[in-house]
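All chains should be modelled from the sequences, with the hints used to inform the complete structure.
Which chain is which? The protein sequence lines are S and X, in order. Position 87 of the first sequence, counted from 1, bears residue number 86 in numbering that gives the first Met the number 0, the numbering being contiguous throughout. Position 66 of the second sequence, counted from 1, bears residue number 65 in numbering that gives the first Met the number 0, the numbering being contiguous throughout.
All clues stand as given, with none of them false.
No farther apart than 30 angstroms at their CA atoms in a straight line, the calculated lysine-lysine pairs in the DSSO-like style are these:
| # | chain 1 | residue 1 | chain 2 | residue 2 |
| --- | --- | --- | --- | --- |
| 1 | S | K82 | X | K109 |
| 2 | S | K137 | S | K86 |
| 3 | S | K86 | X | K186 |
| 4 | S | K81 | X | K186 |
| 5 | S | K166 | X | K169 |
| 6 | S | K193 | S | K120 |
| 7 | X | K186 | S | K137 |
| 8 | S | K166 | X | K186 |
| 9 | S | K166 | S | K191 |
| 10 | S | K183 | S | K193 |
| 11 | S | K82 | X | K169 |
| 12 | X | K169 | S | K119 |
Taking beta-carbon pairs under 10 angstroms as the criterion, some of the chain X residues facing chain S (in silico):
| # | residue |
| --- | --- |
| 13 | L174 |
| 14 | R175 |
| 15 | T184 |
| 16 | K186 |
| 17 | R190 |
Pairwise CB distance ranges (calculated):
| # | chain 1 | residue 1 | chain 2 | residue 2 | range |
| --- | --- | --- | --- | --- | --- |
| 18 | X | L275 | S | K82 | 35 to 41 angstroms |
| 19 | S | E195 | X | D269 | 53 to 59 angstroms |
| 20 | X | L19 | S | K137 | 30 to 36 angstroms |
| 21 | X | F197 | S | R85 | 27 to 33 angstroms |
| 22 | S | K183 | X | D269 | 48 to 54 angstroms |
| 23 | X | R110 | S | V179 | 47 to 53 angstroms |
| 24 | X | A99 | S | E195 | 41 to 47 angstroms |
| 25 | X | R110 | S | T180 | 46 to 52 angstroms |
| 26 | S | G44 | X | V95 | 40 to 46 angstroms |
| 27 | X | L201 | S | Y21 | 37 to 43 angstroms |
| 28 | X | N13 | S | R76 | 48 to 54 angstroms |
| 29 | S | E7 | X | D273 | 53 to 59 angstroms |
| 30 | S | E7 | X | K186 | 31 to 37 angstroms |
No wet-lab data here; the hints were simulated from the structure. Quick reminder that beta carbons are idealized off the backbone N, C-alpha and C, glycines included.
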Amino acid sequence: MEPLLKAEHLTKTFHSQGREAYTAVDDVSFSMFPGEKLAIIGESGSGKTTVVNMVTRLLDVTSGTITLDGEDITHYRGRQMKKIYRKMQMVFQTPSDSFDPRRTLGDGIAESLINHGAGKKEAMLQAEDLLGLCGLEKEFAKRYPHEVSGGQCQRAAIARAIAIGPKLLILDEATSALDVTVQKDILELLTKLKEERNMSYLFICHDIALVQNFCDRVLVMYHGKIVEEGVPDEVVRHPREAYTKNLIDCIL
Amino acid sequence: MKEPTVRIQNLHKNHLKTRLIIFGVLALLLIVGSYFSEYLCPYDPYLQDLSNAKAPCSLAHPFGTDRFGRDMLSRVIVGSKTSIYSTLLLVAFITVFGTAVGVVCAWSGKRVDAVLMRISDMFLAFPGLVFALAVAAVLGGGVQNAIIALAAISWPKYARVARSQTLAQKETVYLRAARLSGCSTWKLIYRHILPNIFGPILVTAMLDIGTMMMELAGLSFLGLGAKPPVAEWGSMMSDTRNLLTTHPWVTLAPGFAIFVSVMVFNLLGDTVRDWLDPRNGR
Chain S
0 MEPLLKAEHL
10 TKTFHSQGRE
20 AYTAVDDVSF
30 SMFPGEKLAI
40 IGESGSGKTT
50 VVNMVTRLLD
60 VTSGTITLDG
70 EDITHYRGRQ
80 MKKIYRKMQM
90 VFQTPSDSFD
100 PRRTLGDGIA
110 ESLINHGAGK
120 KEAMLQAEDL
130 LGLCGLEKEF
140 AKRYPHEVSG
150 GQCQRAAIAR
160 AIAIGPKLLI
170 LDEATSALDV
180 TVQKDILELL
190 TKLKEERNMS
200 YLFICHDIAL
210 VQNFCDRVLV
220 MYHGKIVEEG
230 VPDEVVRHPR
240 EAYTKNLIDC
250 IL
Chain X
0 MKEPTVRIQN
10 LHKNHLKTRL
20 IIFGVLALLL
30 IVGSYFSEYL
40 CPYDPYLQDL
50 SNAKAPCSLA
60 HPFGTDRFGR
70 DMLSRVIVGS
80 KTSIYSTLLL
90 VAFITVFGTA
100 VGVVCAWSGK
110 RVDAVLMRIS
120 DMFLAFPGLV
130 FALAVAAVLG
140 GGVQNAIIAL
150 AAISWPKYAR
160 VARSQTLAQK
170 ETVYLRAARL
180 SGCSTWKLIY
190 RHILPNIFGP
200 ILVTAMLDIG
210 TMMMELAGLS
220 FLGLGAKPPV
230 AEWGSMMSDT
240 RNLLTTHPWV
250 TLAPGFAIFV
260 SVMVFNLLGD
270 TVRDWLDPRN
280 GR
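Next up, the structure:
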């Protein structure tokens with residue numbers, strides 16, 4: 000099977016004045032297949048988010064290649080990226096910050112549809128439907144991000160991300176800022192959406208227990224490198240690397 | 000215990016709204032009044048009547064007449080057109096231009112940012128009046144050239160505000176989210192960045208109206224702005240300053256006009272600032 004997303008030898012080095020160059024991501028390669036739920040775990044600063052930012056091209060790569068759906072997107076810019084964002088969307092860690100404070104949630108969701116060719120009215124109606132799909136009432140389309148709770152905002156963010164029907168949804172610590180009950184609801188929503196739309200999830204997380212329940216495969220990152228890869232249950236039960244053991248001990 | 004605090008907050012909010020309405024209406028009156036100034040003056044502001052020169056305040060001439068017998072009230076009213084309109088034009092221009100430069104700097108970063116910011120530093124380094132003198136020397140006097148001189152030295156302030164605000168906005172999560180939803184750079188700027196940096200820029204502009212009005216009047220006073228017989232408050236004061244001890248109304252009338260309009264615009268600016276302050280709990 001052709002992988003949906005393939006990252007080969009991804010490296011990101013940050014240069015800042017007066018300091019030594021810092022390699023946040025060091026020769027990371029992985030691939031994920033259609034319909035897969037892949038998790039990347041690791042402590043803060045291990046380079047998970049940098050990997051994701053490179054994959055979504057919000058950050059330029061220092062070296063390596065990224066292939067999405069058989070297309071090399073490593074050096075895509077502007078218009079080309081818009082095409083790519085049809086296939087790949089992202090949900091961010093802080094739900095209330097991921098919407099423009101001066102625009103309603105409905106506006107935020109509709110924007111994505113409008114940018115991809117929908118009419119204004121049509122987009123608004125579709126946004127309401129999407130909110131419904133994500134378990135929110137239509138009225139939420141008229142609310143501002145500061146007027147709703149974190150969990151509700153994250154549902155809206157998911158609605159925005161799936162609006163244009165992406166194949167790959169990247170969840171960058173999408174549940175970390177929520178409390179456990181809300182976390183569970185969001186995961187249930189994601190499971191439901193996956194069944195309906197057959198998306199793949201790239202799940203960035205630091206909670207290994209959550210990954211164990213939710214994902215098919217896990218990559219463990221440490222100091223910018225992938226140190227371990229496998230089925231979550233296996234990795235938790237028989238960690239091969241010292242760091243993974245440490246990580247598991249910390250949580251369980 | 001809680002109720003009184005809430006009441007005080009509401010009182011403060013209502014108070015702010017009242018202030019906003021009062022100063023907004025006053026400023027609007029000044030602007031509209033100055034637009035229709037020709038129709039509002041009781042006499043022809045340029046009509047000389049030497050037999051009635053330097054007449055003190057009376058019912059017929061509430062602000063008296065100047066040394067050519069021209070009605071001061073009419074001249075002050077007509078002068079508002081030059082003074083207020085030139086100022087608004089100036090502030091509007093530097094706001095738009097400065098903001099554009101600031102956003103471009105913050106957005107492109109690196110070289111463009113460095114070059115444009117050094118240019119703005121250069122303009123900031125000039126003392127205003129000296130620069131205006133230089134402009135007047137090169138281009139000649141006149142209101143238009145005074146505006147050019149003031150614009151040249153005051154846009155960098157807006158560029159700095161817009162730049163720092165844009166830099167802060169650039170790092171926000173929602174901007175990344177907007178980019179992911181397929182917004183082009185232009186769309187990101189006008190749909191997300193500009194509305195979010197508008198507040199601080201508006202406040203800077205509102206507070207600047209008063210300052211610019213004074214500076215423009217100052218330049219005219221020095222003879223670098225409006226040329227007589229054009230009625231402009233600064234040049235009117237300069238024109239008649241040797242009459243200050245003998246016939247004070249001739250100098251004080253335009254001075255009073257400057258004082259009132261600068262105060263109205265400054266108070267409006269202050270109110271807008273308070274109103275846009277997030278701590279005001281709107």
